[in-house]
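Whole structure, please, built from the sequences with the hints as guidance.
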Amino acid sequence: MNAAVANPPLQFAFTAEQQQFRDSIARFCRTHAPTARTRQQMASDTGLDRELWNGLCSDLGLSGVQVPESLGGQGFGQVELGIVMEELGRANVCAPYLASSVLAANALVNAAAPGPRDEWLPQLCDGTQLATLAVAEADGHWDPHRTTVAARKTDRGWRLDGVKTYVLDGHVADLILVVARAPGSHDHEGLSLFAVRAGAPGLQVRALNSLDPTRRLARVECTGAEALLLSEEGAAGPGLDRAMDESLAALASEMVGGAQALLDATVSYAKMRIQFGRPIGSFQAIKHRLADLLLDVEFARSAAYRACERAAEDPSPLREVASVAKALASDAFMLAAREAVQLHGGIGFTWEHDTHLYFKRAQSSSVLLGSAAEHRDRYVLSLAARTAGDRP
Amino acid sequence: MSPPTEASVRDEVRAWLAQNWSPELGLAEWRRRLIESGWGCPSWPEQWFGRGLSPALAAVAEDEMRAVGAVSVAQFGVRLLVAATLLEHGTDDQKRRLLPRLLTGEDTWCQLFSEPGSGSDLAGVTTRATEDAEGWTVTGQKVWTTSAQHAHYGILLARTDWNVPKHRGLSFFVLPMHQDGVEVRPLRQMNGYASFNEVFISDARIGRDGLVGPLGEGWKVALTTLAHERRMADSMRNWGRLQLGEGRIYEELKAEYAAVMEPYKWYAQRAGRTDLLLERAQRTGRIDDAVVRQDVARALMIERAAEWTAARARAARASGQPPGAEGSLGKLAASNLARAAARAHASISGAAAMLAGEDGPEQGLIAEILVSVPACSIAGGTDEIQRNIIAERVLGLPREPSTDTDIPFRDVRRNVSSSR
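Protein sequences appear in the order of chains A and B. Numbering-wise, our numbering puts 1481 at position 201 of the first sequence, and it's gapless, one number per residue. Numbering-wise, our numbering puts 522 at position 240 of the second sequence, and it's gapless, one number per residue.
Read the hints as simulated data drawn from the structure, not as lab findings. Check before you lean on any hint, since a few could be wrong.
[What the hints assert, rightly or not] Some, not all, of what chain A presents toward chain B, calculated at C-beta under 8 Å: (1) Pro1559; (2) Ser1562; (3) Leu1570; (4) Glu1578; (5) Phe1579; (6) Ala1653; (7) Arg1656; (8) Asp1657; (9) Ser1662; (10) Leu1663.
[As the list claims (entries may be wrong)] Quick look at which bits of chain A chain B covers, simulated, 3 or more residues with Cβ under 8 Å: (11) 1440-1453; (12) 1538-1552; (13) 1603-1616.
Positions of the beta carbon are idealized from the N, C-alpha and C atoms, including for glycine.
Laid out in structure tokens, this is it:
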């Protein structure tokens, strides 16, 4: 199936097929990823539930939903990826989907040369290889242009030196895709995409203690680590930028799903909880906050949908709308998390109540791939750069 | 006769326009022809100056009019609200007597709803109408009345029964404005403009033909008026978009437009003027300040998200889905946007935000934005009322228990200044 023809731009309305697709993911999450199971994963050493992961990849075929069929994927697009992420976010599913199926897959599609791309993508799509993308370094930015990890070409192949951190699921990944640069190169020049296999000589991976136990992070240290070159040498910059922007749209969708789940739970609670002889949701002090939250969540949703729609229209400009989506999603999800805890009162602060699972996801996601403030800045600078030429 | 189709409507309107339209006609004369033909209000019933067409076919007729630059009837602003209300609730005599001169623009109307003691709680109005053999004697005070100073008539919400609960004691009237007992005074706002009026009503008279709808059912009639308020802004915009050509009728139209738009000349500033933000930030060099960039981005992102949310609401309507939350948020979003824009303008201005007029940034335009934006979250339903509506209608939260809806209005606690 040619996805581009079968799925014209959604124009903010989903087709019946897309709605059914969404329902099937929601059903799967309710059955196979209830919070009781998420709590088991949180308590485990690695946070990886192979059975659930296989279910997402094999039963539902969700890994590579946005990847063309010719490359081993499902042949849908970024809009469908957004739908998957929104539903996984709504259920706060603990799985390496963002790492492997979003970040790594988007990077391979956009930045890898045909040979390595065709070799690795099918294995990511069927879930046999779990991959992640290592971009950020000690300064905590996901802009590939800031990369300092250096790549050396030796007689026995490529070797990487330097440290990546905040690497999603790096401790369980079979394959770590590393952004590195030619020694002495700067900014967007000299960037390449490499693959480092788990356990490769010169690779040290340390699982970090993550605030959100459903989304684990790792520090990846390369000391002459053996690596395979995936992209054209020194030419990965533009493809990586696109991959990061697509991933921002997907992450924003996931955050909107989480924010909506919190809003729904808090509204239900406000209708049911009685104090002073009436439901607390009848007090304007509560109502007004929930109305404001609804507005922010709906705006974040509109931006996330718009970003996914844009991401599906390759090669339309994505950078600005991706920043709008991520900034609004960061703020809306955090607001939802704070309000959910506050309006649930004491019970909202207990370990037993599920609100804190979402709160921690919100806190973590609000800075992952760049905070709201960073994306606001990126947005205005991009607008200014685009319009500066028109002005005397 | 076969039912009208798009093609038949197009042909008929074109033929009629070829016979009748001329830019050299006087405005009122042309509109009288329009009204007689039914093409002025094609979606109205045939009996009442219309053609009984569906909204889609009416839009086709309006299309054809626009294509030749033909001027429409004067159905915009308060006139639109009045027309919709009279059409639904007026007597045959009222429709026959009042609608034609409303549609020609010869009569100007105003809306006498809000009172100093009754803003968000419109059903709490205390202007009193006392019945006698010839009609009613009215006493009270109205406020925020646009165009009252040159209006011929006002639609008036007044209390006719103080012994029943608040919503049941109201009646809806047409008040002739040109009489002793109606005094109009301009009301100066915090931004210096005087776009609205206070209307003092002391023993003014309304004849028996001035009651709209049954006595005591004025609230229901007023809800019809309020339901059309959302269309009012669209009607003003569309009207402003007509391509003006050469000819006597356009000269008269320009004068009419200038008079009607006079109270609204600061409304663009009220909305925050996001269109100026980026250009100002660049031109002044303030874009180099990271704090300024944050403020500018906040405003521009709200603006983008508001556009996309409106597009989602349209897409949902077009695909026949029930309206979702996205359709109810526009008013509150506009307030948020205006505030964010004002903050960004202040941020770009820095110390110069203290200056107004010729000394102020952009020859005073920025100062005008800063002191006009606060109106946005009050006019047409305060943010607080909007939040109640969203919380109750969209989120389904329970209403606040009320203390004033089930007791006689005379026993309801009111503002000290309200008349008794």
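These are the hints, each one checked on the structure:
no., hint, in the structure
1, Pro1559, "5 Å, holds"
2, Ser1562, "4 Å, holds"
3, Leu1570, "6 Å, holds"
4, Glu1578, "5 Å, holds"
5, Phe1579, "4 Å, holds"
6, Ala1653, "6 Å, holds"
7, Arg1656, "4 Å, holds"
8, Asp1657, "5 Å, holds"
9, Ser1662, "10 Å, violated"
10, Leu1663, "6 Å, holds"
11, 1440-1453, "violated (count 0)"
12, 1538-1552, "holds (count 3)"
13, 1603-1616, "holds (count 3)"
Violated hints, in rising order: 9, 11; the structure is consistent with all others.
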